[in-house]
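Asks: Kindly produce the complete structure, drawing on both the sequences and the hints.
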Amino acid sequence: MRRTFTIAAVAALTLSGAAACSSDSSGGGSKSKTITVAYQKFGAFIQMDEQMKKVKAAYEAAHTGYTVKLLPIEASENDYYTKLSLMNRSPSTAPDVMYEDTFLVNTDIQAGFLAPIDQYLSSWPDWSQFSDTAKTAAKALDGKTYGVPMGTDTRALWYNKDLFAKAGLTVPWQPKSWQDVLTAARTIKAKLPGVTPLNIYSGKAAGEGATMQGFEMLLYGTNNQLYDDSAKKWVASSPGFLDSLNVIKTVFGDKLGPDQQDALNPNFGTSVSNELLPGGKLAIDLDGSWLSGAWLTGGAKPWPQWSTVLGQAAMPTQNGQAPGSTSMSGGWVLSVGAHAKDKKAAFDYVSLSLNKDNAQAYDIAASQIAERADVAADPAYLKSNPSLKFFTDLVQVTHFRPAYAEYPHVSDAIQVAMEAVMTGQLTPEKAAAAYSDQLKAAVGPDKVASGS
Amino acid sequence: MTSVTPLQAPAVRELDVAPRRGSGNRLARFAPLAPALLLLLIFFAGPMLWSVYTAFTNLALTGSSTVDFVGLDNFTRMAHDASFLNSLKLTLLFVVGSAVIGQNTLGLLIALLLRGRRRLVRSVVTGLVIAAWAVPETVAGFCWYAFLYRTGTLNALLSHFGIEQNWLYTTPMLAVILANVWRGTAFSMLVYSAALSEVPPDLTEAAAMDGASGWQRLRHITLPLIRRAIVSNLMLITLQTLASFGLIFVMTGGGPGTASQTTPLYMYQQSFKFYQLGYGTAMALVLLIIGALFSVIYLRLIRLED
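Protein chains in written order, with the numbering used here: chain A, 1 to 452; chain B, 1 to 306.
A hint or two may mislead.
Below are the DSS-like pairs computed for lysine-lysine, each with C-alpha atoms no more than 30 Å apart in a straight line [what the hints assert, rightly or not]:
#1 B:K273 - A:K440
#2 A:K191 - A:K255
#3 A:K344 - A:K83
#4 A:K440 - B:K89
#5 B:K89 - A:K232
#6 A:K430 - B:K89
#7 A:K233 - B:K273
#8 A:K144 - B:K273
#9 A:K232 - A:K191
#10 A:K54 - A:K447
#11 A:K83 - B:K273
#12 A:K53 - A:K383
#13 B:K89 - A:K189
#14 B:K273 - A:K447
#15 A:K56 - A:K255
#16 A:K144 - A:K232
#17 A:K139 - B:K273
#18 B:K89 - A:K343
#19 A:K41 - B:K273
#20 B:K89 - A:K69
#21 B:K89 - A:K135
Think of the hints as simulated: they come from the structure by calculation, not from any bench.
Replies: Here it is as structure tokens:
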């Protein structure tokens with residue numbers, strides 16, 4: 001009796017094991033080759049899915065014997081990172097080609113998820129079309145490149161021309177320093193009660209938006225940055241860090257910004273783009289190039305007048321020091337998975353997805369800033385959205401975040417410091433000191449340099 | 001199944017006296033259970049053991065290609081992590097406030113009040129209370145968000161009296177505790193209704209004849225008789241509330257700042273935003289131990305009352 005039971009149990013286990021194996025091998029079978037492509041598809045973001053379907057058809061037509069298996073992951077941004085990481089943890093589920101946020105590229109390289117593609121890039125003529133900044137987007141600490149950029153974004157000041165005219169400010173507006181921005185906000189506060197003069201995202205509720213659209217847009221306009229590339233160390237509180245926090249203090253302390261309670265609502269970003277800006281309730285907004293996407297026909301809040309009502313101005317550096325303005329860029333790349341069996345075939349898929357025509361179609365559909373020089377110069381691309389030329393030009397002065405594994409912790413520490421200052425819990429000096437401590441705890445004291 | 005000995009007292013005793021009637025027979029009895037047992041081992045015990053193991057490693061979702069055994073590092077880190085200690089304090093406040101005091105007392109009160117009422121009253125009240133329970137967690141969370149938010153229903157009503165504030169901002173813990181009481185009371189009410197129906201009416205009647213007041217009858221007759229139900233109810237709602245995530249996540253997201261960041265929310269942040277799975281599971285283990293401690297306390301307390 002016992003023996004039969006044991007045999008049955010062993011048989012059952014073997015069967016289930018065998019079933020698992022067979023399903024594994026069908027993923028990367030040797031006879032007809034399969035390329036798996038993982039990307040995000042969520043809510044209104046369906047442009048990537050559309051694009052990948054087109055590329056799949058083209059790829060299969062050009063490469064006989066290959067099939068492309070699309071794996072759209074339906075999840076919000078943060079959950080997409082999690083799901084992609086989970087897929088990458090096992091070679092049997094790791095995709096061959098994946099859509100990667102530049103902000104996680106280094107982290108995923110350290111985890112061994114991505115494969116370097118330098119040998120393929122060197123024989124890809126199109127690679128010369130990418131700007132030097134774009135080429136560094138997916139360049140790791142080891143000097144190798146792990147992805148091809150699809151498109152990027154930049155950040156700047158959006159302002160309401162009607163409100164500016166009512167307040168007696170000159171339009172078009174281009175502030176030369178932080179002081180100019182604050183002066184304009186003060187004028188609006190005095191002349192137009194009921195209108196929020198200036199929005200700078202701040203606090204934990206806005207998440208990465210507070211760090212990047214808010215704090216880093218200030219900090220990277222000072223003489224300091226978050227990370228010292230030459231020393232390979234994080235910078236503890238620097239004069240620029242303190243000055244940036246002081247701007248937050250001024251904006252919220254002098255009531256130039258939104259009410260703290262509103263700014264700390266996790267849904268505040270949505271109300272900015274869907275209510276405050278279209279409703280003429282917000283005069284100046286430090287925000288992303290993608291903002292107009294919500295107002296296009298088919299967007300979340302169609303608002304055809306946006307291009308005449310709103311103007312864009314580059315974010316000035318602190319005192320107008322060279323190059324005069326600043327911006328921050330994120331963006332996504334296509335990478336080849338470290339577990340891909342046929343890396344050349346996977347790279348071919350990447351290069352096909354990002355040739356001139358495909359990159360242009362995607363950048364227009366997803367309101368992305370082009371990374372390829374030939375797309376950026378194409379009249380069809382420039383005409384697709386009136387604000388595109390402005391935001392594309394900002395690529396000249398833009399910065400990327402220090403995309404290392406510790407960045408999420410650092411970003412969180414910045415949000416904590418911002419929130420403490422905006423709510424008046426801490427003075428900027430004390431919040432900067434607290435940031436230094438939190439930074440040392442998060443990345444290790446040996447990786448922190450004191451600011452100069 | 002024919003060989004299975006009927007589970008009657010004499011038969012059991014017979015087994016004790018003569019246990020060696022062939023081990024094959026015994027095994028055969030367990031054979032039908034084997035598939036279920038196997039599934040439980042793989043899908044229940046497996047993940048549990050794995051999470052205990054990962055609590056002692058530096059497992060990360062991404063950012064590192066190796067997993068090292070780090071011993072008690074995660075736990076010593078927790079002891080010095082002010083955010084974790086703060087989250088633990090909030091979790092205890094949340095459990096005691098919303099489960100032990102709120103759901104438990106309110107559930108018992110409703111069950112007591114409903115005793116002996118007309119059928120119509122009973123079904124209306126029970127129906128309403130259970131409706132709150134039947135609503136999915138995220139929906140309940142959003143309802144409360146919409147109710148308490150600055151331009152929400154509550155403020156629209158209160159503005160007639162000149163009081164207005166953002167409850168989720170000024171009193172986030174109170175807000176989530178209230179919401180959890182609202183949502184979870186039905187469970188306690190059902191447990192206590194069932195328990196109360198088992199209390200023989202003649203006992204309370206006799207006590208009433210002897211001149212015992214309502215409070216005395218409750219204290220000395222009803223409560224001792226339903227103490228088993230009290231223990232199981234307390235244990236169940238404590239464990240449920242300890243792990244509560246969705247409601248708080250939807251209502252406040254742990255904010256403002258960390259003012260309502262209970263341990264499950266902090267765990268989520270560490271595991272899925274900072275990718276420190278090892279540290280996250282270590283916290284889960286601590287929560288498990290806290291749950292066990294609560295259970296021990298309940299068992300002790302109720303036995304002492306006996």
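Asks: Each hint needs a verdict: does it hold in this structure or not?
Replies: A quick look at each hint next to the structure:
At most 30 Å may separate the alpha-carbon atoms for a hinted pair to count; K273 (chain B) and K440 (chain A) meet this at roughly 19 Å. Only pairs whose Cα atoms come within 30 Å are accepted, and K191 (chain A) paired with K255 (chain A) is accepted, the gap being roughly 14 Å. Restraint check: the Cα-Cα separation between K344 (chain A) and K83 (chain A) comes to about 25 Å, which is no more than 30 Å; the hinted pair holds. With a C-alpha separation of about 25 Å, the suggested pairing of K440 (chain A) with K89 (chain B) holds against the 30 Å cut-off.
This hinted pair does not check out: K89 (chain B) and K232 (chain A) have alpha carbons roughly 38 Å apart, beyond 30 Å. Using a Cα cut-off of 30 Å, the hinted pair K430 (chain A) and K89 (chain B) holds, with the two alpha carbons roughly 25 Å apart. Annotation: proposed proximity of K233 (chain A) to K273 (chain B) holds, straight-line Cα distance about 22 Å (limit 30 Å). Of the pairs offered as hints, the one joining K144 (chain A) and K273 (chain B) holds, with about 26 Å between alpha carbons and a cut-off of 30 Å not exceeded.
In summary, the hint linking K232 (chain A) to K191 (chain A) is not supported, as the alpha carbons are separated by about 48 Å, beyond the 30 Å threshold. The hinted pair formed by K54 (chain A) and K447 (chain A) fails the criterion: a straight-line CA distance of about 45 Å is larger than 30 Å. For the suggested pair K83 (chain A) and K273 (chain B), the alpha carbons sit about 12 Å apart, so the restraint of at most 30 Å is met. Using a Cα cut-off of 30 Å, the hinted pair K53 (chain A) and K383 (chain A) holds, with the two alpha carbons roughly 25 Å apart.
Our distance criterion of 30 Å between C-alpha atoms is broken by K89 (chain B) and K189 (chain A), whose separation comes to about 42 Å. A distance of roughly 21 Å separates the Cα atoms of K273 (chain B) and K447 (chain A); the hinted pair therefore holds under the 30 Å criterion. Of the supplied pair hints, the one linking K56 (chain A) and K255 (chain A) is violated, its CA atoms being roughly 52 Å apart against a limit of 30 Å. Between K144 (chain A) and K232 (chain A) the alpha-carbon distance is near 17 Å, which keeps this suggested pair within the 30 Å criterion.
About 23 Å separates the Cα atoms of K139 (chain A) and K273 (chain B), which keeps this hinted pair within 30 Å; it holds. Note on K89 (chain B) and K343 (chain A): the hinted pairing is violated, with a Cα-Cα distance of about 51 Å set against a maximum of 30 Å. For the hint linking K41 (chain A) to K273 (chain B), the alpha-carbon distance of about 20 Å falls within 30 Å, and the restraint holds. Proximity of K89 (chain B) to K69 (chain A) is assessed by CA-CA distance (about 48 Å); at most 30 Å being required, the pair is judged violated.
Proximity of K89 (chain B) to K135 (chain A) is assessed by CA-CA distance (about 48 Å); at most 30 Å being required, the pair is judged violated.
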